[in-house]
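Chains as they are written, first to last, in my numbering: chain A, 53 to 168; chain B, 64 to 174.
In short, the hints are calculated from the structure, not lab data. Treat the hints loosely; a few may be bogus.
Claimed, not checked - Calculated lysine-lysine pairs in the DSS-like style (CA-CA distance at most 30 Å, straight line):
#1 B:K132 with A:K109
#2 A:K65 with A:K104
#3 A:K109 with B:K173
#4 B:K133 with A:K109
Listed below are the residues making up each chain.
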Amino acid sequence: AAGVIQSPRHLIKEKRETATLKCYPIPRHDTVYWYQQGPGQDPQFLISFYEKMQSDKGSIPDRFSAQQFSDYHSELNMSSLELGDSALYFCASSSGGLAGVQETQYFGPGTRLLVL
Amino acid sequence: SQQGEEDPQALSIQEGENATMNCSYKTSINNLQWYRQNSGRGLVHLILIRSNEREKHSGRLRVTLDTSKKSSSLLITASRAADTASYFCATDNNQGGKLIFGQGTELSVKP
Numbered sequence: 053a054a055g056v057i058q059s060p061r062h063l064i065k066e067k068r069e070t071a072t073l074k075c076y077p078i079p080r081h082d083t084v085y086w087y088q089q090g091p092g093q094d095p096q097f098l099i100s101f102y103e104k105m106q107s108d109k110g111s112i113p114d115r116f117s118a119q120q121f122s123d124y125h126s127e128l129n130m131s132s133l134e135l136g137d138s139a140l141y142f143c144a145s146s147s148g149g150l151a152g153v154q155e156t157q158y159f160g161p162g163t164r165l166l167v168l
Numbered sequence: 064s065q066q067g068e069e070d071p072q073a074l075s076i077q078e079g080e081n082a083t084m085n086c087s088y089k090t091s092i093n094n095l096q097w098y099r100q101n102s103g104r105g106l107v108h109l110i111l112i113r114s115n116e117r118e119k120h121s122g123r124l125r126v127t128l129d130t131s132k133k134s135s136s137l138l139i140t141a142s143r144a145a146d147t148a149s150y151f152c153a154t155d156n157n158q159g160g161k162l163i164f165g166q167g168t169e170l171s172v173k174p
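For reference, chain B alone in the conformation it holds in the complex (with noise of 0.2 Å):
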């Protein structure tokens, strides 16, 4: 990937429990944004959190973004087997607006 790690690459969970997605990041950045897709579905848009912004929450999902790190973490509580899906971040590096997106983290939510 072009701009750093997602782990873990994959998590299999119960209905209920929480999942936990971290994301790493090489450069400065503007934003940085989460984004969901289904099996070679669209990316759905999740959350964006401001280089500025610690934490920011949205329904079950909490987002944190620590810049000393170069890291962010998305959270998603009481998982639901319809949340199967990847989760990629993206940064926005102040470069034009393209996004550079992570490898992605494959969630399996179990029933």
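For reference, chain A alone in the conformation it holds in the complex (with noise of 0.2 Å):
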């Protein structure tokens, strides 16, 4: 079966440089999530989308922008990064969206970012 696909898998970057993290849902999942865990931690909700809009924010911080495509992917993009911003960040998809009963997230393999 498909799974979440994000790209790249893995970054690294300098200070203030900037970052597009990639996230294919599973097909016909309209709902998308984004994490970000840092080393020890537990994985922190950044934002969501819901057919294509907003539905929820998170912890992210201004710097961080993100948007869900007409063919659902979404991309994170990170600007002015910093070296706490070295983590994972995971991308979810799931189905039946803000209208349903909210289902399992299914969760990509993560795009390990480190910044120099």
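If you follow the hints, you should be able to join the two separate chains into one complex; please do so.
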């Protein structure tokens, strides 16, 4: 079965640079979530999209932005990178969205970002 | 953690033994999900239990939910070395579907 795809899997950036992370949800899933997991930490919710509209926002810095495109893939844009942004970034997708019962979230393999 | 506590934080057992991990949360929930994560890898969904369910089984996994105590437990029976991983509970508080994770339990199963 198709899973959530994330790219790139690994990314190394310098401070103050910009990074773009991509997420391709499971086909026919209409909701995408982004999470950040720091070293030894639990995943923290950043932002979510339902049918290409932002549906919820968590602890996402103003330096970060995201969007969901017409083909339902999503991109997380991170600017003015800081050392503390080094983390695993997960994308998850689900079906049901805001109108239905919230269902299982399936996570991608993550993008490991290292800011030097 | 935003949600609550998981205990124990670390658990070391021998292969064949059972492992029990507990999770507590703070707010009312729509459902609670358990995930597994091998070191530095992705989160693998194990089981989802809804707020109106009390117990659920899947293979060697048994999950219980006590909404009056705002707690859940995950039992892995007849553990195997391959079960070594971190286990997280995550709650859906019916606020747009986002998951709020517990701190995780690091399980080590020794052969």
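For each hint, the structure was consulted:
1. Between B:K132 and A:K109, the direct Cα distance comes to roughly 28 Å. Compliance with the 30 Å bound is thereby established for this hinted pair.
2. A distance of roughly 28 Å separates the Cα atoms of A:K65 and A:K104; the hinted pair therefore holds under the 30 Å criterion.
3. For the hint linking A:K109 to B:K173, the alpha-carbon distance of about 41 Å lies beyond 30 Å, and the restraint is violated.
4. Among the hinted pairs, B:K133 with A:K109 is consistent with the structure: their alpha-carbon atoms are about 25 Å apart, no more than 30 Å.
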